[in-house]
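Peer 1: The numbering of the sequence shown is the numbering used here, which starts it at 15 and goes up by one.
Just so you know, the hints here were simulated from the structure itself, not pulled from any lab data. From a predicted model like this one, the values you see are computed outputs, not experimental measurements. Honestly, I wouldn't trust all of these hints.
For lysine-lysine, the following DSBU-like pairs were computed, each having C-alpha atoms within a straight-line distance of at most 30 angstroms [what the hints assert, rightly or not]:
1) Lys55 - Lys97
2) Lys96 - Lys55
3) Lys82 - Lys97
4) Lys96 - Lys82
5) Lys96 - Lys113
6) Lys82 - Lys101
7) Lys82 - Lys113
8) Lys113 - Lys97
9) Lys101 - Lys55
10) Lys55 - Lys82
11) Lys101 - Lys113
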Amino acid sequence: MGIANKYLLMVFALSLFNTGCCQCDLNNITIGTQRTGQLIKNMNEWSVRVINSCASSCSYSNLMLSCKGFHTVEAIDPTVFKKQGDKCLVNNGRALVPKSSVQFSYAWDPPFIMFANSSNISC
15 MGIANKYLLM
25 VFALSLFNTG
35 CCQCDLNNIT
45 IGTQRTGQLI
55 KNMNEWSVRV
65 INSCASSCSY
75 SNLMLSCKGF
85 HTVEAIDPTV
95 FKKQGDKCLV
105 NNGRALVPKS
115 SVQFSYAWDP
125 PFIMFANSSN
135 ISC
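Whenever a hint applies, use it, and build me the whole structure from the sequences.
Peer 2: Okay, structure coming up:
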């Protein structure tokens, strides 16, 4: 095989590697918040669903949400959502596989805006 062919083969292989790696980022974590209609200790209850909306086969583990100032009067299962300083750990650090989600509820007014802060992404 000539040098030019080897070079083209190497470029092709590297392009496959680059497109196959890290196809998803933190923007592929969708966080939806919806009012449940329930009152807990005179505070509105909110249902939160954290979704891995990555179209490829990437999983997110050790997913942390930004939650500075987060409060609730309702207990939340710490294996689903656990406050750690100004960040909150989702799913006890376990992988959130493609198209899967975790859900929790909290009670506070007004609703809290959360967004993905960091994660280990495996594709």
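Peer 1: Next step is simple, just say for each hint if it's right about the structure.
Peer 2: Hints, verified against the model:
no., hint, result
1, Lys55 - Lys97, "holds (21 angstroms)"
2, Lys96 - Lys55, "holds (21 angstroms)"
3, Lys82 - Lys97, "holds (9 angstroms)"
4, Lys96 - Lys82, "holds (12 angstroms)"
5, Lys96 - Lys113, "holds (22 angstroms)"
6, Lys82 - Lys101, "holds (6 angstroms)"
7, Lys82 - Lys113, "holds (27 angstroms)"
8, Lys113 - Lys97, "holds (24 angstroms)"
9, Lys101 - Lys55, "holds (25 angstroms)"
10, Lys55 - Lys82, "holds (22 angstroms)"
11, Lys101 - Lys113, "holds (23 angstroms)"
Taken one by one, the earlier hints all hold for this structure without exception.
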